[in-house]
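Colleague: Generate coordinates for the entire structure from the input sequences, incorporating the hints supplied.
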Amino acid sequence: MPILSVSGVSRAFGGVQALQDCSLEVAEGSIAGLIGPNGSGKTTLFNVVTGYVRADQGTVRFREKEITGLKPNQVFALGIGRTFQLTRIFERLSVLENMLVATQRREGWLRGLTRSKSSPEEVSTALELLDFVGIAGLAELQAGALSYGQRKLLELAYVLVADPQVILLDEPAGGVNLTLINRIAEKIRALNAQGKTFLIVEHNMEFVMSLCDRVTVMHQGSDLVSGAPEEVRRDPRVLDAYLGGGDDELEEVAGG
Amino acid sequence: MGHWSRAVWVLGLVALALFPVVVTSPAYVAIGVFTLIYMACASSWNMFSGYTGYIALGSAVSYGVGAYTMALVSIHANMAPGAAMFWLVPLGGLVASLVALPIGAIALRVRRHTFVVITIAIFFVFQLTAINAGFTGSTSGLILPFISWNESYYNVPFYYVALGLVIFATILSALVRRSRFGLQMLAIRDDEDRALGLGVRTTSVKLTGFALAQFTIGMAGALYAMFVGQIFPQFVFDPLFDVSIALMAFLGGLGTLAGPLLGALILESFQQWLTLTFSNSSLYLILFGALFLLVILFMPQGIVVFIRDRVTRRAAREKAAVAAAETTLAGSRA
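So the protein sequences, as listed, match chains A and B. Quick note, the first sequence lines up with residues 1 to 256 if you use my numbering. Quick note, the second sequence lines up with residues 257 to 590 if you use my numbering.
The hints are simulated quantities; they were obtained by calculation from the structure and are not laboratory data. As the structure is a computational prediction, the values presented were derived from the model and not from experiment. Note that the Cβ used here is the ideal one computed from N, Cα and C, for glycine as well. Any given hint might turn out to be false.
[Claimed, not checked] Restraint-style ranges between C-beta atoms, simulated for each label pair:
no., chain 1, residue 1, chain 2, residue 2, range
1, A, Gln85, B, Arg368, 17 to 25 Å
2, B, Arg368, A, Glu230, 25 to 33 Å
3, A, Gly8, B, Phe391, 54 to 62 Å
[Unchecked claim] Simulated coverage check for chain A against chain B, where a stretch passes if three residues somewhere in it have a Cβ under 8 Å from a Cβ of chain B:
no., stretch
4, 55-64
5, 202-209
Modeller: Here it is in C-alpha cells:
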C-alpha cells in the first residue's frame, strides 16, 4: 500500500493543460524522484498534492485517506510537508521564529491567543533541527539576511518541525554549490533512514539518480515512465520526451 | 527590552500622566484628550494592519459605531449625565468588534491591495447609511445627555480615561506580539501562502486580529462622543480618520510598538495646536503633506526604526572600536 498515491489527476490553467491524467505512487519509506522537462507539470503536481491548487479531476490519497481538495494547512496537519522551488521563508522574522511558526499546528484557535510564542521544549526542538541542518548558530539572525543555500536549509528544517511522514522537496539542489548539495543529500538519507518518505523534484540528474529508489518522468502533464533509476535512464521514451521538449537536459539524462 | 528603551517608556508614561497637572489650561488638556484618543486608535490599528500587512482603511466604521453606541444607549436609556456614562465605553468597543466580524469575513476573502479597496467601499456604505438613517439623527446628529461638570476640570476625567485606553492598547499590542497569534500574524505579513502551508489557519488568525483591533477603536469612538457631547454622522464616520491613523503609524514606524503612539502624539497634537493657534482647520493638511514627503525621503521605515538603527549602529561601531583597541594593545604587549 503506497503512502501517497495520485490517480488520474488533471488540471488546466485557461487553455494550458498543466496536468493530464497523471498518476503516481510513492511507497512508504522510499525516496521517489520526479523529473521531466520544464513545464511538464512537476510543480503543479506538488501544488495539487499539498492543496495549493485544486484538481479538475482525479484523486490524491494519503494512505487510505482521500485528501483531494483539502487546504494546505490541513494537508500539512496530516503529515505532508513541502518546500518550494524558490525558497520561501519569513524574511522579517528571526531564524528561530521561522521555526516556531511551524510548531503551531496542533492548537485550537483560541489557545494561540493566550499562549506565549513558544514553550522551552519547542525552542529546544527547533534548535536541535537547526543544528541537524547545520545552521543553529544563525538562530537569532533575521532570516532575510540568510544566503540562498542557508534559506534552503532553513526551509528543510522548518518543514521537519511538525515531524511529517512525507516530505516533498521542490528542487532542493537547485542553485546551491556542490558541498551543500552533498550535505542536503546526506540529510535526506539520514531522515529516510528514520523512516521518512520523500518525493523530490530535481533537475540535477546525478543527485536524483544516486538518491532515489524510484524515478517518475513527467511529460506534458502526464506520467510517462516510472521505474528504477537505471531503467528510466535507458528508456527511449524518456530521451524522446527531453528531445521533443527541446531541452538541454538530454545529455545529462543520457550521460547520467 | 534594553535599559534605555524601558527608561523612555517610563518617562513617556510619567509625562503623559502629569500633563494635565502641569498644564492646567482647559484648551490644552482638550488637545491632550484628542491626542490620546488618536494614539489609542493608531496603536490598535497597527496591531492588525502593521502586524499582518493588511492595510485597513475602514476603521472609521468602528469609531462611528462606538460613538453611536455611546450616544444611542445614553439617550434611550435616559442615563443620568455623568461619570456612569464611562461604563458605555467598553460597550462601544464590544459592538464595534461584533460589527467588524461580518465586515472582516467579507473583506478578508481577498488579498492585500483588494482588501484596502473593499474596506473603503464598506466604510462608505456605513457612512451613507448613517447620514440617511433616521435613528442616527441624520445630518443634524445626536445630542448626548449634557454633563454639567465645571469647565476648569471637565476635560480631566476624559484625559485619564483616554490615557487608560492608550495603556490598554499598548499592553494588548505587546502581549499579542509575544503570543503565537502575533507570530502567526507576522508570518502572514511575510508570506501568507507559506504560513498556510505550515499549518497556520490564516483566515481565522486574520479575522480575530481584525475584530480585536476594532475593540479599542470602538472604545475611542465612544469616549469621543461622550467628550464632545454631540455627534454627526459625517464627523464620526470620517474618511480622514483612517488616513490619519494610517499615516500616524507609518510616520512612527509600521509594525513597531512605539511607532504609532509617537506618530499620533506628533501629528494629532500638532494639528490641534495649529487649529487652536491659527483658527484654520485645513492649514495642517499642507504642512502634513510636506512632512510626509520628508519622512518618505529620509526615513521610509518611520521614526522609531530610524532611531533604533542609528543607536544599534553606533553601539556596534563603539564595540568594534573597543575590540580593535584591545587587539592593538595585545599586539604591542606581545
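Colleague: With reference to the structure, classify each hint as holding or not holding.
Modeller: Each hint, compared with the structure:
no.: 1; hint: A:Gln85 to B:Arg368: 17 to 25 Å; in the structure: holds (23 Å)
no.: 2; hint: B:Arg368 to A:Glu230: 25 to 33 Å; in the structure: violated (49 Å)
no.: 3; hint: A:Gly8 to B:Phe391: 54 to 62 Å; in the structure: holds (59 Å)
no.: 4; hint: 55-64; in the structure: violated (count 0)
no.: 5; hint: 202-209; in the structure: violated (count 0)
In this structure, the hints that do not hold are numbers 2, 4, 5, in rising order.
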